[in-house]
Amino acid sequence: MRTAPKSYPLSWRILDALERLAAMLWPAGLKGAVPYVMLAPAVLLVGLLVLGLFQIADASLRTLDTTTFLFSEDYSLANYRRALTEPLFAAVAWRSLMAALIVTAVTLIFAFPYAYVMIRTRSPGLRKLLLIALFLPFFIGQVVRAYGWLIILGNQGMVNEALGLVGIAPMRLLYNYPAVLFGLVQYMLPFAVLMLAPALTAIPEEFEAAASSLGANWVRTFVHVVLPLARPGFIGAGVVVVTLSLTDFAIPAILGGGSQDFIANAIYDQFFRTSDQGLGATLTLMLVALGSLVVGLVFTLFGAGTLAMGRARR
Amino acid sequence: MNAPLSKTITLWLFVAIALVTLSAPTVVVLGASFTAGNIITFPPEGLSLKWYAAISQATDLRDAFLRTLFVAAVCTAIAIPVGTLAGIALAKYAVRFEKSFQVYLLLPFTIPLIGSGVGLMLVFGNAGVLGQLWPVGIAACVINLPFMIWAVTASAASLDPDLELAAANCGAPPLQTFLFVTLPAVMPGVISGSLLMFILALNEFLVSLLLVDARIVTLPVQIYNSIRSIITPDLAAISVVFIASAAAAIFLLDRLVGLDIFFKSK
Numbered sequence: 122m123r124t125a126p127k128s129y130p131l132s133w134r135i136l137d138a139l140e141r142l143a144a145m146l147w148p149a150g151l152k153g154a155v156p157y158v159m160l161a162p163a164v165l166l167v168g169l170l171v172l173g174l175f176q177i178a179d180a181s182l183r184t185l186d187t188t189t190f191l192f193s194e195d196y197s198l199a200n201y202r203r204a205l206t207e208p209l210f211a212a213v214a215w216r217s218l219m220a221a222l223i224v225t226a227v228t229l230i231f232a233f234p235y236a237y238v239m240i241r242t243r244s245p246g247l248r249k250l251l252l253i254a255l256f257l258p259f260f261i262g263q264v265v266r267a268y269g270w271l272i273i274l275g276n277q278g279m280v281n282e283a284l285g286l287v288g289i290a291p292m293r294l295l296y297n298y299p300a301v302l303f304g305l306v307q308y309m310l311p312f313a314v315l316m317l318a319p320a321l322t323a324i325p326e327e328f329e330a331a332a333s334s335l336g337a338n339w340v341r342t343f344v345h346v347v348l349p350l351a352r353p354g355f356i357g358a359g360v361v362v363v364t365l366s367l368t369d370f371a372i373p374a375i376l377g378g379g380s381q382d383f384i385a386n387a388i389y390d391q392f393f394r395t396s397d398q399g400l401g402a403t404l405t406l407m408l409v410a411l412g413s414l415v416v417g418l419v420f421t422l423f424g425a426g427t428l429a430m431g432r433a434r435r
Numbered sequence: 024m025n026a027p028l029s030k031t032i033t034l035w036l037f038v039a040i041a042l043v044t045l046s047a048p049t050v051v052v053l054g055a056s057f058t059a060g061n062i063i064t065f066p067p068e069g070l071s072l073k074w075y076a077a078i079s080q081a082t083d084l085r086d087a088f089l090r091t092l093f094v095a096a097v098c099t100a101i102a103i104p105v106g107t108l109a110g111i112a113l114a115k116y117a118v119r120f121e122k123s124f125q126v127y128l129l130l131p132f133t134i135p136l137i138g139s140g141v142g143l144m145l146v147f148g149n150a151g152v153l154g155q156l157w158p159v160g161i162a163a164c165v166i167n168l169p170f171m172i173w174a175v176t177a178s179a180a181s182l183d184p185d186l187e188l189a190a191a192n193c194g195a196p197p198l199q200t201f202l203f204v205t206l207p208a209v210m211p212g213v214i215s216g217s218l219l220m221f222i223l224a225l226n227e228f229l230v231s232l233l234l235v236d237a238r239i240v241t242l243p244v245q246i247y248n249s250i251r252s253i254i255t256p257d258l259a260a261i262s263v264v265f266i267a268s269a270a271a272a273i274f275l276l277d278r279l280v281g282l283d284i285f286f287k288s289k
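Heads up: the protein sequence lines correspond to chains P and C, in order.
When the letters of the first sequence are read in order and numbered with the numbering used here, they come out as residues 122 to 435.
When the letters of the second sequence are read in order and numbered with the numbering used here, they come out as residues 24 to 289.
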């Protein structure tokens with residue numbers, strides 16, 4: 122009788138109470154609803170984005186009255202007409218699309234050897250070095266990285282000073298298209314390697330040994346064994362790099378210096394320079410559509426690659 | 024297996040170029056922050072800590088940094104419960120319309136950042152909360168949420184469902200099973216996911232740029248605004264904050280879960 126309280130510690134009582142509370146709030150009959158309740162907060166949070174899309178769509182149908190600076194009450198498609206006909210937007214869209222394709226090609230070419238060496242190396246030290254070199258810029262953010270490139274490539278930057286030491290006149294290395302492409306490739310490399318790596322890990326090294334013992338040299342082994350098996354990785358990496366570079370803002374803004382605007386920069390200008398919210402919303406919606414089109418096209422053609430999450434991934 | 028020399032050389036040529044390109048900005052910003060001169064020159068004019076002294080006096084930079092920390096804290100605090108629950112649900116339960124849920128929860132990645140930013144700007148603007156700091160934290164959480172869910176599903180998938188059945192068999196009620204079996208098993212995912220969320224929110228730029236006004240700029244926006252005018256070494260010194268936090272995050276990730284968690288094959 123005297124020892125009874127000791128045998129049943131407080132934490133157990135709390136747990137029991139919680140358990141009773143849970144059972145009261147959650148009758149066993151509703152057990153099937155558990156996963157949906159667990160998903161609900163995430164669904165609501167992402168719902169903010171969906172709500173945002175609806176509000177963008179609403180704004181895109183209202184035109185700006187330039188005399189009163191008010192937006193029209195009734196809907197019209199005038200903004201879409203402007204977005205599709207004005208040559209400025211076509212030029213910006215073309216510039217972004219071309220950049221996205223070039224950047225994706227170059228990034229994948231560099232990401233594959235990087236991921237391959239990182240996965241296949243026997244040395245844990247080298248693997249760690251490659252991983253850290255990958256994660257450090259990934260975690261530093263675009264603005265600081267672009268700032269680093271300004272120091273390196275600027276008119277009085279390191280490269281030009283170094284060229285000056287050997288008697289070469291300074292060159293304009295910044296604020297042009299190649300500078301933006303270069304900055305984007307550097308920004309995308311970690312994404313691409315991280316998307317490629319799981320696919321490469323899944324390829325048994327014995328496959329390569331088998332190919333070479335059957336007489337294939339390493340180039341043929343790559344082309345006929347490794348690259349086809351790494352396809353899910355290339356799809357995942359390709360989708361991520363295409364969409365991220367197509368819609369990037371910071372790199373064109375900083376390394377392009379205002380002369381190399383991408384779609385995102387044009388959208389920003391509509392909202393904050395000309396204050397034409399309607400046209401800005403129209404361009405945003407068209408960019409979202411373009412991005413989804415690219416993703417949807419790749420997914421239906423090739424599957425979700427390394428991008429799938431949850432049970433389907435196994 | 025000995026790799027042929029031509030293979031090693033070719034691969035390493037690409038890797039070396041990639042390594043230099045990846046590291047150059049970080050190294051240069053670090054170097055520039057220690058310069059003794061008033062402008063950034065190459066070769067540097069000697070070493071000093073004077074720019075660090077300068078930024079410790081600059082209240083605008085310090086305030087921007089504190090605001091950024093607050094945004095990252097809000098983002099992580101929301102992401103941990105939301106992402107953990109969603110991740111466990113996706114990984115462990117047979118959810119109807121699972122494919123649709125997956126596509127829906129990947130929306131933050133498939134909608135371009137500028138689209139999410141503009142949408143949230145309109146939503147928060149219409150709700151009348153624009154100009155405050157916590158919506159920026161929520162925004163940072165929404166746009167990076169798939170990272171959190173990913174990290175959790177990855178570790179939840181490796182939990183043997185028999186373990187939970189065993190716990191139940193030993194008499195553990197559902198809540199106890201969840202708290203003492205399921206949750207510890209997904210902990211590595213929760214830790215790596217929340218670290219990712221924190222560091223990504225710390226660096227978040229474009230959505231902040233759209234959601235903040237001049238009174239509440241976050242540090243990346245502040246740096247962006249400054250490098251458009253004149254490049255002074257105090258910006259390099261403040262950028263080192265980001266480099267240091269990135270290094271700390273990598274160190275922690277490596278210690279807690281191992282860096283290679285991101286490419287465990289399935």
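Mixed in with the good hints, there may be bad ones.
Dumping the calculated DMTMM-like pairs for lysine to aspartate or glutamate here, alpha-carbon to alpha-carbon at most 25 Å [unchecked claim]:
{"hint": "1", "chain 1": "P", "residue 1": "Lys249", "chain 2": "C", "residue 2": "Asp183"}
{"hint": "2", "chain 1": "C", "residue 1": "Lys30", "chain 2": "P", "residue 2": "Asp186"}
{"hint": "3", "chain 1": "C", "residue 1": "Lys30", "chain 2": "P", "residue 2": "Glu326"}
{"hint": "4", "chain 1": "C", "residue 1": "Lys122", "chain 2": "C", "residue 2": "Glu68"}
{"hint": "5", "chain 1": "P", "residue 1": "Lys249", "chain 2": "C", "residue 2": "Asp257"}
{"hint": "6", "chain 1": "C", "residue 1": "Lys30", "chain 2": "P", "residue 2": "Glu329"}
{"hint": "7", "chain 1": "P", "residue 1": "Lys249", "chain 2": "C", "residue 2": "Asp185"}
{"hint": "8", "chain 1": "P", "residue 1": "Lys152", "chain 2": "C", "residue 2": "Asp283"}
Over 12 Å on every C-beta distance to chain P, these chain C residues come out as not near it, computed from the model [to be verified]:
{"hint": "9", "residue": "Gly138"}
{"hint": "10", "residue": "Cys164"}
{"hint": "11", "residue": "Gly281"}
For the record, the hints were derived by calculation from the structure and aren't laboratory data.
We put the CB at the ideal spot given by N, CA and C, even for glycine.
Identify every previously stated hint that the structure contradicts and give their numbers, smallest first. When the structure is compared with the hints, numbers 1, 2, 4, 5, 7, 8, 9, 10, 11 turn out to be violated.
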